[in-house]
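Per numbering that gives the first Met the number 0, the very first residue in the sequence shown carries number 0; after that it's consecutive.
Because the hints were derived from the structure by calculation, they are not lab data.
Errors might be hidden in some of the hints.
Stated by the list, open to error - Label pairs and their in silico Cβ distance ranges:
#1 Asp-166 to Lys-655: 50 to 60 Å
#2 Ser-142 to Asn-402: 54 to 64 Å
#3 Asp-406 to Gln-508: 23 to 33 Å
#4 Arg-661 to Ser-619: 17 to 27 Å
#5 Lys-112 to Pro-31: 29 to 39 Å
#6 Ser-489 to Asp-406: 48 to 58 Å
Stated by the list, open to error - EDC-like mimics (lysine to aspartate or glutamate), calculated; alpha carbons at most 16 Å apart, straight line:
#7 Lys-538 to Glu-474
#8 Lys-533 to Glu-552
#9 Lys-112 to Asp-84
#10 Lys-177 to Glu-219
Bear in mind that the values here come from a model prediction, so they are computed numbers and not experimental data.
Glycine included, every Cβ here is placed at the ideal spot set by N, Cα and C.
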Amino acid sequence: MTASEIRQSFLDFFREKEHTIVPSSSLRPDSPNLLFTNAGMNQFVPIFLGERSADVSRWAGTLPASDTRAADTQKCIRAGGKHNDLDDVGLDTYHHTFFEMLGNWSFGDYFKKEAIEWAWELIVERWQFPADRLYATIYQPDSGDPAARDQDAWEIWAGKFKSAGLDPSVHLVNGHKKDNFWMMGETGPCGPCSELHVDLTPRGDTAGKLVNAGTPECIEIWNLVFIQFNANADGTFSPLPAQHVDTGLGFERVTSILQCTRGFTDFDAIISNYETDIFRPIFDELEKLSAKKYGGTLPKPGSAGETGQEKTDVSFRVIADHIRTLSFAIADGIQPGNTDRHYVLRRILRRAVRYGRTLGFTQPFFHKLVPVLVREMGAVFPELRAQQKQIEAVLKREEESFNRTLDKGLALFESEAATLTGRVGVPPAGEGILPDPPTEGARYSRRRRLPHFERPWAIYAVNFATTNRRILSPEARTITLDALRHFDQSRYELFAAVVMPDHVHLLFQPWVKGENDRGEAEFWSMSGLMHAIKSFSAKAINRVEGTQGSVWEAERFDRYIRGDRDLEEKFLYILDNPRRAGLVDTDTDYCWSWSGEESGRMPSPAGETPTRPGDSPVISAEFAFRLYDEQGFPLDLTELMARERGLTVDVEGFEKLMQEQRERARAAQKKTVIELSEVETKEATAFLGYEQDQTSAEVLEVLSLKGQLGVVVDHSVCYAEMGGQVGDAGTLSRGAEAWRIAGTQKSGQTWLHFLESDDGH
Numbered sequence: 000m001t002a003s004e005i006r007q008s009f010l011d012f013f014r015e016k017e018h019t020i021v022p023s024s025s026l027r028p029d030s031p032n033l034l035f036t037n038a039g040m041n042q043f044v045p046i047f048l049g050e051r052s053a054d055v056s057r058w059a060g061t062l063p064a065s066d067t068r069a070a071d072t073q074k075c076i077r078a079g080g081k082h083n084d085l086d087d088v089g090l091d092t093y094h095h096t097f098f099e100m101l102g103n104w105s106f107g108d109y110f111k112k113e114a115i116e117w118a119w120e121l122i123v124e125r126w127q128f129p130a131d132r133l134y135a136t137i138y139q140p141d142s143g144d145p146a147a148r149d150q151d152a153w154e155i156w157a158g159k160f161k162s163a164g165l166d167p168s169v170h171l172v173n174g175h176k177k178d179n180f181w182m183m184g185e186t187g188p189c190g191p192c193s194e195l196h197v198d199l200t201p202r203g204d205t206a207g208k209l210v211n212a213g214t215p216e217c218i219e220i221w222n223l224v225f226i227q228f229n230a231n232a233d234g235t236f237s238p239l240p241a242q243h244v245d246t247g248l249g250f251e252r253v254t255s256i257l258q259c260t261r262g263f264t265d266f267d268a269i270i271s272n273y274e275t276d277i278f279r280p281i282f283d284e285l286e287k288l289s290a291k292k293y294g295g296t297l298p299k300p301g302s303a304g305e306t307g308q309e310k311t312d313v314s315f316r317v318i319a320d321h322i323r324t325l326s327f328a329i330a331d332g333i334q335p336g337n338t339d340r341h342y343v344l345r346r347i348l349r350r351a352v353r354y355g356r357t358l359g360f361t362q363p364f365f366h367k368l369v370p371v372l373v374r375e376m377g378a379v380f381p382e383l384r385a386q387q388k389q390i391e392a393v394l395k396r397e398e399e400s401f402n403r404t405l406d407k408g409l410a411l412f413e414s415e416a417a418t419l420t421g422r423v424g425v426p427p428a429g430e431g432i433l434p435d436p437p438t439e440g441a442r443y444s445r446r447r448r449l450p451h452f453e454r455p456w457a458i459y460a461v462n463f464a465t466t467n468r469r470i471l472s473p474e475a476r477t478i479t480l481d482a483l484r485h486f487d488q489s490r491y492e493l494f495a496a497v498v499m500p501d502h503v504h505l506l507f508q509p510w511v512k513g514e515n516d517r518g519e520a521e522f523w524s525m526s527g528l529m530h531a532i533k534s535f536s537a538k539a540i541n542r543v544e545g546t547q548g549s550v551w552e553a554e555r556f557d558r559y560i561r562g563d564r565d566l567e568e569k570f571l572y573i574l575d576n577p578r579r580a581g582l583v584d585t586d587t588d589y590c591w592s593w594s595g596e597e598s599g600r601m602p603s604p605a606g607e608t609p610t611r612p613g614d615s616p617v618i619s620a621e622f623a624f625r626l627y628d629e630q631g632f633p634l635d636l637t638e639l640m641a642r643e644r645g646l647t648v649d650v651e652g653f654e655k656l657m658q659e660q661r662e663r664a665r666a667a668q669k670k671t672v673i674e675l676s677e678v679e680t681k682e683a684t685a686f687l688g689y690e691q692d693q694t695s696a697e698v699l700e701v702l703s704l705k706g707q708l709g710v711v712v713d714h715s716v717c718y719a720e721m722g723g724q725v726g727d728a729g730t731l732s733r734g735a736e737a738w739r740i741a742g743t744q745k746s747g748q749t750w751l752h753f754l755e756s757d758d759g760h
């Protein structure tokens, strides 16, 4: 089945069970405690609390099916607060910031028996999931947990598994409060829940051992919550006068299992939410725009990607997830900004833009993915179609704004990372390193290419790889190391050299070649030295191996000017490459490495302990704050880049600096009262900016802030009193400044409009 067919099948199933199909609620939640709507039950909380009757058919604007039964597909975002999956997106097969939650509800109508029986009917009988791969969890309280064991649920599930010839003692798993007791908050409606898990291992014979083990080999697909208690402020639990059912079925997860296993016929395949027709159209568009291919590879646990393909695939997944989050949020009126949920969106967008750099994007690209998303999902969520132009405009504007500082921020980060680790901008080639060409036949553009950066007496770290990652024979590696040592003490001083199977690292300092016509010292050029080393070795390698043609790719450089500490860190890093690549163990020498350490060429600075490979150097709080304050880098973006380089960030120190900045801002606020003329209106001004570009509404009032931009009290067209010009809907400009309405607030009969500049002020 296609994803659309799966979604419709769920809704049709519960329509048959006399449920009213209600539309998804907005991603902007009614609850002040939520950043985003993060579960299907959010819109039904007033019913659970008894604040509204369960007249869902009239409430949903549909013909009555039942006033006490509902089903829908709910848009959800989990990217902040208690539920935050942002850091895991792209690194595995099933985490998202945006997802759909299929759900069915009973408001004082049916309860556990029907909920469990219908879940089994849909999953096993209609969708044909193998029953022997299913496991249900049952609430079993631990000491101090509320309520009693959910024996009713156990007996109902046991009957279903017995009917399939399966042992309930194997397929029913007990869970404590953490996994199997749902609470809306510290107080309020709550109750035991029962989760349905699927064993996705090739043999499917784990006997429930992987349930709730945090592995993608056994994942939860459906949670059935039985709301039957009220949590009181004194810590006690009282039975509710009415019992409710609240379920949530992961749409993307179910789709991945149905599609990736080819209808449960192949459990050896990678089962990933991203390997479905939910994401494939977005990947197709990204492949066209970037000229890169999605390979479906996954990084090792704890890694952000080691090979070039892994990093490309992580970027595909992150961008595809984030375009969904941003597009749906903007369609619901939540725009990127500087506070609360708005800043969360800005962080997500900037993560996507940064990942775009991995795919070779240097110009705005993110907004170009909106049309394909609208084409695929606009029929189910018509707000996407209605707001397409608005979504594209907002994304393009945000991306253009961040692009102005992104390159500088990345350069600053790379420089800091090189200082801490001794790496030359990107990891060495043996770890998956040299970036893939952006297009077939293209060459990688080296931002640090010499001789522009050549300086007198500079020490350089250089690495270069074999053509097409050709593996060098032991004889070829010996020839290469001999070539590197051949020019030592004649054209340069060699500190360290390692010849890996498909690439080379060296650390050296070019010497003076002679004098020029002006009597100035003239050093051996880097290009000349590299040509001599490569030519000298390539000829001998081709002769020994009986090959012809190019042996080496172009080199990359880094220049060290920061003293002995940096020199030693790089020295240690280069010599540790064979161990890091798994070619030798810690106590074994690598035949094709050499250093000048024994001849005294690597003095250790007194009183300093170098950062050795395997340690985790720390990005300082001051530097992370600088990236945030000057370049607009959210902290989690800096953490992401640090994790990719084996670094950590002083988060605690960063938060302290942020708090100090807030306190300074509060102290600097002027206590000047600005009086605004009140606008007498018979009714509130309607917000039109999301639906239309302009309106004929009359200008009602202009704020008279001397020397400041004035704002018209009209939500969709505004201008600057002090010589500003009308721009696009909801924007104004004066000179090089561009501003837009970021929010409104009503005080009495006066509307206050808050402006935001392109750089976030």
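Here is how each hint holds up against the structure:
no., hint, verdict
1, Asp-166 to Lys-655: 50 to 60 Å, "holds (56 Å)"
2, Ser-142 to Asn-402: 54 to 64 Å, "holds (56 Å)"
3, Asp-406 to Gln-508: 23 to 33 Å, "holds (30 Å)"
4, Arg-661 to Ser-619: 17 to 27 Å, "holds (20 Å)"
5, Lys-112 to Pro-31: 29 to 39 Å, "holds (36 Å)"
6, Ser-489 to Asp-406: 48 to 58 Å, "violated (40 Å)"
7, Lys-538 to Glu-474, "holds (13 Å)"
8, Lys-533 to Glu-552, "holds (9 Å)"
9, Lys-112 to Asp-84, "violated (33 Å)"
10, Lys-177 to Glu-219, "holds (15 Å)"
When each numbered hint is compared with the structure, violations occur for hints 6 and 9.
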